[in-house]
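Engineer: Each chain is listed here by its residues.
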Amino acid sequence: MSIYSSFKQKNDIERLVFLINSEAKETINIMEICGGHTHSIMKYGLNALIKDKINFLHGPGCPVCVMPIKRIDAAICIAGLPDVILVAYGDIMRVPGTNSSLIKERAKGKDIRMIYSPLDIIKIVGDKSNKNKKIVFFAIGFETTTPMTAALLEEVITKKIENVFFYINHVLVPPPINAILDSNDSLIDGFICPGHVSVITGSGIYSDIVQKYKKSAVISGFEPYDILSGTLLIVRQINDNNPSVEIAYKRAVKEEGNKKAQDLVNKYFRVRDEFEWRGFGNIAKSGLRLRDEFKYFDAEYVFADELKALELNEDFKENTGCKCGEILRGKLKPVDCPLFGKVCIPENPVGACMVSSEGACSAYYKYRNF
Amino acid sequence: MCLAIPSKVIEIKGDSTVVVDTMGSKRLISTMLLEERANVGEYLLIHVGYAMQKIDEKEAIESLGLFKEIENKMNMG
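As they're listed, the protein sequences go chains A and B.
Under the working numbering, the first residue of the first sequence is numbered 1, with each subsequent residue one higher.
Under the working numbering, the first residue of the second sequence is numbered 1, with each subsequent residue one higher.
No lab work stands behind these hints, which were simulated from the structure alone.
Idealized CB from N, CA, C, for every residue including glycine.
Hints are supplied without guarantee of correctness; some may be wrong.
[Said to hold, decoys possible] Some chain A residues close to chain B (C-beta under 7 Å, calculated; not the full set):
(1) P147
(2) V199
(3) A252
(4) A261
With the rest of the complex left out, here is chain A (with noise of 0.2 Å):
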């Protein structure tokens, strides 16, 4: 028995969704988190077996489409600078800044490469043709993955390597949720919530939906039986009237979290003050830094007057008609977008949220499924 294919089967999908159907007492509004959570509903069509009874609202778990544009400004103005190679994850190559994207930036000859793995930088260093380059990391991420940019600092240090540095914006989960519940015009009864990020975290993120917004948090894997089975989770316990911090992610979830991920994480990084988040503005605390004794790695200190001459000088702008910011905040569904499927499109996205694999636009317009 493959681990994969046991959480799709047929016959269990089926007893779910009946369970479901029959114990829902009204329609109720779940948010899921996670990017990846959005698109196994849409590609299973999960959403289509449960529609008469659950709401799926989509949220803000997408770290290329919460991406400020003033952050991809700073990423293309460094890989601009003399003798620096960028290097980036793959999702974040084709997000639009205020006049380009790192994708067509490397196009016009910048040395920009994307990576796999923090480990390719490791390569990347060993070539020794770069020996004199700047080589930085555009390091982006929720929970789970900032610990293996932590890995890769720690590798840097341990190897004496001088010449890699971090553009860092890793950021958290809990802060975004928080400012939802924080709206008065949330509907939202429970959340789905992000099992990977759960993996290092443990469950003890969301004590805060439970205990001071009472709304239901169900930890969930990424399979059909995973999400339905956290679902069915969020109605009983709204039937109960007791919300409270479930995992239906056992297998891979483990209450206290990765301990030796999360003291890497906190043994380099420190919370921000605050940090943009696109479709929210700043949120207070919801970003990671280097602390200030690894600061020579930090990008933002060794570029400093670079960034800063870029914020004084560019005006950063968003596509007006873009609603990327109401979607991430569960306001709007893809569908209600005036751009979706018309301007914007994979070929010719608008939005990060239609850029990113994992943004809710992109889901909508690959399964057609709403």
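Use these hints to put chain B onto chain A, whose structure you have.
Structural biologist: Chain B alone, transformed into the frame defined by chain A:
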């Protein structure tokens, strides 16, 4: 972005490195973030080149057994 793929350990290399099989393709993975030693035959969750956690097969099987209490009710319905 937070995609993590279950992959089977097929060989242990020294220095926090193992070879895994991800849907038929083999790759080298760092295990430096794992809290326990990885063993051949186990499944690991892999994210951007690092193993983040072992997959607990016992829990996997147990979770598939949940919600079956209603089987009879469904057949009758």
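Engineer: Any CB of chain B closer than 7 Å to the CB of A252/A?
Structural biologist: 5 Å, holds
Engineer: Please check whether P147/A passes as an interface residue: C-beta within 7 Å of a C-beta belonging to chain B.
Structural biologist: Holds. Min distance 5 Å.
Engineer: The hint names A261/A as touching chain B; please verify it with the least Cβ-Cβ distance against 7 Å.
Structural biologist: Holds, because the Cβ-Cβ distance from A261/A to chain B comes to roughly 5 Å (cut-off 7 Å).
Engineer: Let's test the interface hint: is any C-beta of chain B closer than 7 Å to that of V199/A?
Structural biologist: It holds, given that the least Cβ distance between V199/A and chain B is near 5 Å, below 7 Å.
Hint compliance for this structure: no hint is broken.
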